[in-house]
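J.: So the protein sequences, as listed, match chains A and B.
The working numbering numbers the first residue of the first sequence as 1 and each following residue consecutively.
The working numbering numbers the first residue of the second sequence as 243 and each following residue consecutively.
These are calculated hints, taken from the structure and not from any lab test.
Treat the hints with caution; some may be incorrect.
Stated by the list, open to error - So, partial list: chain A residues that the calculated Cβ filter (under 7 Å) puts toward chain B:
| no. | residue |
| --- | --- |
| 1 | Lys64 |
| 2 | Ser74 |
| 3 | Lys91 |
| 4 | Thr92 |
| 5 | Asp94 |
| 6 | Leu123 |
| 7 | Arg125 |
| 8 | Trp128 |
| 9 | Gly135 |
| 10 | Arg147 |
| 11 | Ile168 |
| 12 | Arg170 |
Because the structure is a prediction, the values reported are computed rather than measured.
Glycine included, each C-beta is placed from N, C-alpha and C at the ideal position.
Number of protein chains: 2
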Amino acid sequence: MTRMTNPLILKLEQRDQLSEEEKRTLENAISRVRVVEADEDIVREGDRPSESSLLLDGFAARYKIVSNGRRQISALHVAGDFLDLHSFLLKTMDHGVLALTTCRIAAVPHATLEKITDEYPHLTRMLWLNTLIDGAIHREWLTAMGRLSATAHMAHLICELYLRLKAIGRAEGYTVQLPITQAELGDTLGLSTVHVNRVLQELRKEGLIRFQGDALTILDWERLKKVGEFTSTYLSLQNEDR
Amino acid sequence: MTRMTNPLILKLEQRDQLSEEEKRTLENAISRVRVVEADEDIVREGDRPSESSLLLDGFAARYKIVSNGRRQISALHVAGDFLDLHSFLLKTMDHGVLALTTCRIAAVPHATLEKITDEYPHLTRMLWLNTLIDGAIHREWLTAMGRLSATAHMAHLICELYLRLKAIGRAEGYTVQLPITQAELGDTLGLSTVHVNRVLQELRKEGLIRFQGDALTILDWERLKKVGEFTSTYLSLQNEDR
DNA sequence: ATCGAGCATAAACATATGTGAGTGCGGCTA
DNA sequence: TAGCCGCACTCACATATGTTTATGCTCGAT
Numbered sequence: 001m002t003r004m005t006n007p008l009i010l011k012l013e014q015r016d017q018l019s020e021e022e023k024r025t026l027e028n029a030i031s032r033v034r035v036v037e038a039d040e041d042i043v044r045e046g047d048r049p050s051e052s053s054l055l056l057d058g059f060a061a062r063y064k065i066v067s068n069g070r071r072q073i074s075a076l077h078v079a080g081d082f083l084d085l086h087s088f089l090l091k092t093m094d095h096g097v098l099a100l101t102t103c104r105i106a107a108v109p110h111a112t113l114e115k116i117t118d119e120y121p122h123l124t125r126m127l128w129l130n131t132l133i134d135g136a137i138h139r140e141w142l143t144a145m146g147r148l149s150a151t152a153h154m155a156h157l158i159c160e161l162y163l164r165l166k167a168i169g170r171a172e173g174y175t176v177q178l179p180i181t182q183a184e185l186g187d188t189l190g191l192s193t194v195h196v197n198r199v200l201q202e203l204r205k206e207g208l209i210r211f212q213g214d215a216l217t218i219l220d221w222e223r224l225k226k227v228g229e230f231t232s233t234y235l236s237l238q239n240e241d242r
Numbered sequence: 243m244t245r246m247t248n249p250l251i252l253k254l255e256q257r258d259q260l261s262e263e264e265k266r267t268l269e270n271a272i273s274r275v276r277v278v279e280a281d282e283d284i285v286r287e288g289d290r291p292s293e294s295s296l297l298l299d300g301f302a303a304r305y306k307i308v309s310n311g312r313r314q315i316s317a318l319h320v321a322g323d324f325l326d327l328h329s330f331l332l333k334t335m336d337h338g339v340l341a342l343t344t345c346r347i348a349a350v351p352h353a354t355l356e357k358i359t360d361e362y363p364h365l366t367r368m369l370w371l372n373t374l375i376d377g378a379i380h381r382e383w384l385t386a387m388g389r390l391s392a393t394a395h396m397a398h399l400i401c402e403l404y405l406r407l408k409a410i411g412r413a414e415g416y417t418v419q420l421p422i423t424q425a426e427l428g429d430t431l432g433l434s435t436v437h438v439n440r441v442l443q444e445l446r447k448e449g450l451i452r453f454q455g456d457a458l459t460i461l462d463w464e465r466l467k468k469v470g471e472f473t474s475t476y477l478s479l480q481n482e483d484r
């Protein structure tokens, strides 16, 4: 993996500058890369990982199954995201992580993370920041789920995913590849598959999006943002001293 | 404030041991204590705090207002919780924090936090852990909101609050003081006030809880846990090396 | 070239939860 | 002591979303 293509570094450098040494440290932190096929578990609930998984390519989801077999997805992840950085300190996984598409995953040993916290304070803060952004996204999803209509919630999610994909260079104009089924979107939004379909029809009919196959195009960014009551503050896309 | 009563230290020591020096450092981190009355804002959306607020006593909530004036509470906080530790690295508040009761609040300057990250790696990890637990709670709420019935969701919340209050020594047997109105519970669960009332009636009728005034008593812990599909893993109440 | 699997879509119907408009209690405040 | 205000609680009715069942694509496998 060359430095230029490491999506984690890309992600962090949008939030603050990294020194050459910090970048080198991050690259050396990766112990091995594996491939997980779509629909396979990357980490399971109850696991106590000794390393954290960094998603290099593909789409993954954190999820939980409740008693009647229903599933809730609590996070969607794209290249550059850590899938379970929290397991470094939380130890036991309270949810599973699933590959939505074929995923390339790098392993970062917890021992290495501990060493980073001992020796590289600023890099430690940047990793901490990474988990704080996850938390900010959780809060935003909670608000959308609790207080927005299904349509607004979907619009909100689409805005977020578009910006996150754009931030790692995976948008072409207003089009992104989003290989996520309507059932998976339902599990993300807390909706039934049928209702996801209704809501997508509505967004299409309103001329806000096009979504055929995996290609999602935002046709009217301003109106979509308005429908989804979306503001991007919580994604911390600004470069600041941290 | 004497060491014995510092609820943050109490909280962290349940998760891992702290050295005397770490405890002293935490205590010295507090620059001043203020009191905020019920229904006042502690931090506002859009603020860029230069210090983080540690709740010493009282109940507080993180919240967001959406366009039609509806409110969603994304976190409930009790003594020992940081209300906006994340603002140390996220910089801009993407939500507000509100006092639900009279609150005693200690200020911890971000400059002090930065110094801690430079000099005390283990203490840094413990603060990071603190925010990771917030994140774990968010994920659990997402699952409950998306995939549990209103009744189960309420049961789940009650189980969580009971354990969190017990963990800081604020439970008497199965009774806790919970000075939260039904409207606030609705904003937490994403429900209307009317439905909160229905759901509480049901839990009472089932003999699971008693809730008069502020006193909440769990009458049948096992069945309440079952109704709310509650397991406490996500609260990280175990003591481990971190 | 055919088949099957997975997925998007549709319609009819069911229901959990929301809305609007009240009542009444209990505790402050004057 | 009276009056008010916030809060718990109720009822009748409205609706957003769920459920069940089915159809027909599309694409990969054989």
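J.: Against this structure, judge whether each hint is valid.
T.: Cross-check of the supplied hints:
no.	hint	verdict
1	Lys64	holds, 5 Å
2	Ser74	holds, 4 Å
3	Lys91	holds, 6 Å
4	Thr92	holds, 6 Å
5	Asp94	holds, 4 Å
6	Leu123	violated, 10 Å
7	Arg125	holds, 6 Å
8	Trp128	holds, 5 Å
9	Gly135	holds, 4 Å
10	Arg147	holds, 4 Å
11	Ile168	violated, 19 Å
12	Arg170	violated, 24 Å
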